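Visitor: Chains as they are written, first to last, in my numbering: chain U, 521 to 915; chain R, 521 to 915.
I should point out that these hints are in silico values taken from the structure, not numbers from a laboratory.
Just to be clear, a hint being listed does not mean it is correct.
[To be verified] Pair ranges (Cβ atoms, derived):
| # | chain 1 | residue 1 | chain 2 | residue 2 | range |
| --- | --- | --- | --- | --- | --- |
| 1 | R | I528 | U | R648 | 42 to 50 angstroms |
| 2 | R | K794 | U | E708 | 19 to 27 angstroms |
| 3 | R | E892 | U | T686 | 30 to 38 angstroms |
| 4 | U | R888 | R | S859 | 32 to 40 angstroms |
| 5 | U | T831 | R | P673 | 34 to 42 angstroms |
In this text the structure is predicted, and so the values were computed from the model without any measurement.
Note that CB positions come from ideal geometry on N, CA and C, so glycine has one too.
There are 2 protein chains.
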Amino acid sequence: MEPGEMAILEDIPTPALVLDRDKLLGNIEQMAARADQLGVTLRPHVKTPKSIDVMRCLPQRHAASITVSTLLEADYFLRHGIADIFYAVPFAPDKMPFVGDLRRRGAEIKLLVDSNDAARATAAAAAREACRVAVVVELDVDHYRTGVERGDPDFLRACQTLKDSTHTEFAGIMSYGGASYLCSSETEIADLTEAHRLAAIGALDTLGDAGLSAPIVSFGSSPATFFAHRLDGFTEARCGIFLFQDLFQTGLGTCTLEDIAISVLTTVVGRNEKQNRVIVDAGGLALSKDRSTAQSKRDAGYGLVCDGDGTVLPDLFVAAVSQELGLVTTFSGRPIDLSRFPIGRKLRILPNHADMTAAAYDTYHVVRGSPEVVDRWTRVNGWFPAHAPSRKRGA
Amino acid sequence: MEPGEMAILEDIPTPALVLDRDKLLGNIEQMAARADQLGVTLRPHVKTPKSIDVMRCLPQRHAASITVSTLLEADYFLRHGIADIFYAVPFAPDKMPFVGDLRRRGAEIKLLVDSNDAARATAAAAAREACRVAVVVELDVDHYRTGVERGDPDFLRACQTLKDSTHTEFAGIMSYGGASYLCSSETEIADLTEAHRLAAIGALDTLGDAGLSAPIVSFGSSPATFFAHRLDGFTEARCGIFLFQDLFQTGLGTCTLEDIAISVLTTVVGRNEKQNRVIVDAGGLALSKDRSTAQSKRDAGYGLVCDGDGTVLPDLFVAAVSQELGLVTTFSGRPIDLSRFPIGRKLRILPNHADMTAAAYDTYHVVRGSPEVVDRWTRVNGWFPAHAPSRKRGA
Chain U
521 MEPGEMAILE DIPTPALVLD RDKLLGNIEQ MAARADQLGV TLRPHVKTPK
571 SIDVMRCLPQ RHAASITVST LLEADYFLRH GIADIFYAVP FAPDKMPFVG
621 DLRRRGAEIK LLVDSNDAAR ATAAAAAREA CRVAVVVELD VDHYRTGVER
671 GDPDFLRACQ TLKDSTHTEF AGIMSYGGAS YLCSSETEIA DLTEAHRLAA
721 IGALDTLGDA GLSAPIVSFG SSPATFFAHR LDGFTEARCG IFLFQDLFQT
771 GLGTCTLEDI AISVLTTVVG RNEKQNRVIV DAGGLALSKD RSTAQSKRDA
821 GYGLVCDGDG TVLPDLFVAA VSQELGLVTT FSGRPIDLSR FPIGRKLRIL
871 PNHADMTAAA YDTYHVVRGS PEVVDRWTRV NGWFPAHAPS RKRGA
Chain R
521 MEPGEMAILE DIPTPALVLD RDKLLGNIEQ MAARADQLGV TLRPHVKTPK
571 SIDVMRCLPQ RHAASITVST LLEADYFLRH GIADIFYAVP FAPDKMPFVG
621 DLRRRGAEIK LLVDSNDAAR ATAAAAAREA CRVAVVVELD VDHYRTGVER
671 GDPDFLRACQ TLKDSTHTEF AGIMSYGGAS YLCSSETEIA DLTEAHRLAA
721 IGALDTLGDA GLSAPIVSFG SSPATFFAHR LDGFTEARCG IFLFQDLFQT
771 GLGTCTLEDI AISVLTTVVG RNEKQNRVIV DAGGLALSKD RSTAQSKRDA
821 GYGLVCDGDG TVLPDLFVAA VSQELGLVTT FSGRPIDLSR FPIGRKLRIL
871 PNHADMTAAA YDTYHVVRGS PEVVDRWTRV NGWFPAHAPS RKRGA
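Can you make the complete structure from the sequences, with help from the hints?
Guide: Structure below.
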C-alpha cells in the first residue's frame with residue numbers, strides 16, 4: 521500500500537474480500553512441512569489465489585513451478601517471473617495462439633491431454649503455430665473427472681504421438697485425486713492417494729516397456745497430498761486450496777475454522793425479529809452460489825458468520841442468498857439477539873469454497889489478525905490476457 | 521465493433537458469453553406489451569444486463585428510470601445519461617459518500633430501508649454527507665426476504681422519519697414478489713402478485729391516514745409482473761431477468777428454451793466413452809454454481825447443451841462442474857455418439873440463472889441467430905466505481 525493509505529476493515533466498502541496473512545503463512549508452513557516430509561516438491565495451483573503476492577509467501581523450493589487453470593494466469597505469472605507453468609486443464613487446440621505467444625516470451629509451459637485424438641489435435645495446432653510444446657497425459661484412476669486409464673491402449677498411443685510429433689514433447693503423466701472431496705475419512709483419502717500412486721507407477725512401467733520416459737509424474741489435490749502416507753514415485757504435488765482453506769476443507773479435516781484465511785467483509789443492512797433474520801449485503805455474487813458443504817458433515821449454507829475481527833459467532837450461518845443479500849439465521853432456531861446486530865455492523869463470512877468466492881473480487885484486503893488493513897493485493901480473474909494474439913480463421 | 525473486427529463464434533476463445541440480440545428484442549417486446557396492457561411503467565432492473573447497450577434495446581417509455589443492485593451500476597448508468605435510479609437493496613449507511621457523489625453529479629437516486637432504525641441511520645448519514653436523498657420503504661408481504669409488514673408500527677415510523685428528516689425525502693413504498701420463484705403455477709404467481717397489490721393499497725391507506733403520500737409504489741420480479749392479472753395501484757414494475765430469461769424461468773413458464781438470449785460458448789476438450797461423458801471448458805466459474813433448477817420441474821444440472829448455432833441438443837446436460845471443466849452427459853443414460861463431439865467442437869450452454877452466469881464476463885458477444893458476431897457489448901461487474909470518493913473514519 522502507499523503511505524497514508526492505511527485503513528481498518530470498518531472503513532472498507534462492502535462486500536469486500538479479506539485475507540489474513542498470518543493464517544495464510546500458517547497454512548503454507550503446514551503444507552510445506554508435509555511436502556518435505558513426503559519428499560515431494562509442490563507445484564502450487566494458482567487457480568486459488570491468482571495473485572503473485574500470495575505466491576511470494578511460499579518458500580522458494582515450493583514456488584519455482586506452478587499449476588494454472590487459465591491462460592490469463594499463465595500470462596500473469598510469466599510476467600511476474602515464473603516460467604515453469606503447467607496448464608493442467610485438458611487443452612482446447614484452438615487456444616494454441618495464446619500458448620505460442622507465451623512460448624515466444626520464454627514460458628516453459630506444459631499442456632494437458634487425455635486421449636490420442638487430443639494429442640494429435642494439439643500436435644497439429646502446435647505445428648500451425650510453429651512452436652514446440654511440452655504435453656502431459658492425464659491418467660484416470662477413479663473416474664472422478666478426466667484422464668485415460670493406463671490399461672486403455674489410447675494411453676500409450678497418446679504418449680507416443682506426443683513423443684513422435686515434431687512440435688510436441690512428451691513431458692510426463694499426471695493424475696488428480698479430486699475424488700478425495702468425496703471421501704469421508706482421512707484413511708479413505710490416504711487409500712485414494714495410494715491408488716493414484718500405484719496407478720502412476722504402473723503407468724511408468726507401461727511407458728518403460730515402450731521405451732518412453734516421463735520426466736514429470738504429477739499428482740494433485742490438497743487433501744490427497746495432506747493425508748498421503750507416501751508419495752514416492754511422484755515428482756510433484758499440485759495443491760491450491762490449502763493456501764486459503766475453506767468450510768468444505770474443514771469437513772474433510774485438513775484444517776480448522778481458525779485456519780481459513782479468507783472471508784467476505786459485509787455490513788448488516790436489515791434485521792427481522794419475527795423471521796429471526798439478520799440481513800447482510802453479501803449475496804450470491806459476493807459469496808458465490810457454491811453449496812459444497814451440503815455434502816459435508818455440517819452443511820454451512822452459504823457460509824458461517826464471524827465478528828469483524830474474524831472470530832466465529834457460534835450458531836449463525838447464511839441460510840439463503842439473493843444476488844446482493846444474504847439472510848443470516850441460527851442453526852438451532854434460537855432467536856438472534858438483534859441488539860448485537862445494529863444496521864451498519866461489519867461481519868465477516870467464511871466461504872464454502874475459497875476459489876469460487878475469491879473469483880468475485882480483484883483485491884485482497886490483507887490483515888494480520890487485527891482489523892488493520894496492512895496491504896492490498898490484486899488478483900487476476902477471467903480467462904484471457906487483454907493483449908490476446910490476433911487469430912485468423914483457419915490459421 | 522470496429523470495422524475489420526468481424527468474427528464468427530468459432531473464432532472466439534472459450535469460455536465466452538453469447539447474447540442473441542433477436543431473442544433479447546423478442547423478450548423485451550413481450551414484456552413491454554404486458555406492461556402496457558397492465559398500465560404500468562417498467563423500471564428495468566439492470567442487475568441482469570449491467571450494460572447500457574442492452575438497455576438501449578428497450579422502448580424509451582420503459583427505460584427512462586432504472587433499478588440497480590450496486591453503486592457501480594448507479595455510477596455507470598448515470599455516466600450513460602440515466603439519472604432516475606432506484607438502488608433497491610436495503611442501504612448500508614456507510615456507503616453514503618458514494619451516494620453523495622452520485623447526487624452531486626445529478627443522480628435522482630432513491631435508496632431503500634425496511635426499518636425505522638435504518639431510516640434514522642440513513643438520515644444521519646445523509647446529514648454527515650450534507651446531501652438530501654429520497655428513500656423508499658420496503659413492505660414485507662410474504663416473508664420471502666426483506667421488508668417490514670404494513671401492520672408493524674415500525675412501518676409508519678420509518679416513513680415518518682424519512683419525511684421529517686432534513687436530509688431525507690420519503691419517496692414511497694415497494695415490495696418484491698421474489699416468492700414467485702417458489703410458486704408452482706401461473707395462478708399461484710398471479711395470486712401472489714394480487715396479495716402484494718392489496719398490501720400496497722393497504723399501506724397507502726395507512727400512510728394516507730397519517731397524512732403521508734407515496735409518489736412511488738413499486739413492485740418487482742419478472743414472473744410476478746408477467747403473470748399479474750392487474751397492477752393498478754403500482755406506479756412501476758421492477759423487472760430484469762425477462763431480458764435474458766434462463767432455465768429457471770422456463771420452469772416457471774414465463775418463457776421457452778428458445779427465448780433464452782444468453783449462453784456460454786465452450787469447447788469440447790475431452791470425451792470418455794466408458795463414463796459416457798463429453799468434457800467442455802466451461803466449469804463452475806464460467807457457468808456459475810447456481811443450481812436453481814434443482815427446485816424446478818426439470819433439474820438441468822449446471823445447464824443444457826446447444827449446438828454452436830444455439831439449437832438445443834436433446835438429452836444432454838452439464839451434470840457436474842469443477843472450476844474450469846464441465847462434464848456433459850445424458851439425462852436418459854443413453855450413450856452419447858462421441859463421433860459428433862470431436863476435440864475442439866464448439867457448443868453453447870444455456871444457464872440456470874442468467875444473472876449469476878453473466879457476472880463472470882465483461883463482454884457480450886452479440887449474435888443474431890447466425891454464428892456471426894455482429895457486436896461486442898461490455899458490462900460492469902463488481903460493486904464500486906474506481907473513482908470511489910475518499911472516506912474518512914468517523915466522517
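Visitor: Does each hint hold? Answer for all of them.
Guide: Here is how each hint holds up against the structure:
no.	hint	in the structure
1	R:I528 with U:R648: 42 to 50 angstroms	18 angstroms, violated
2	R:K794 with U:E708: 19 to 27 angstroms	23 angstroms, holds
3	R:E892 with U:T686: 30 to 38 angstroms	36 angstroms, holds
4	U:R888 with R:S859: 32 to 40 angstroms	57 angstroms, violated
5	U:T831 with R:P673: 34 to 42 angstroms	35 angstroms, holds
Violated hints for the displayed structure, listed by number in ascending order: 1 and 4.
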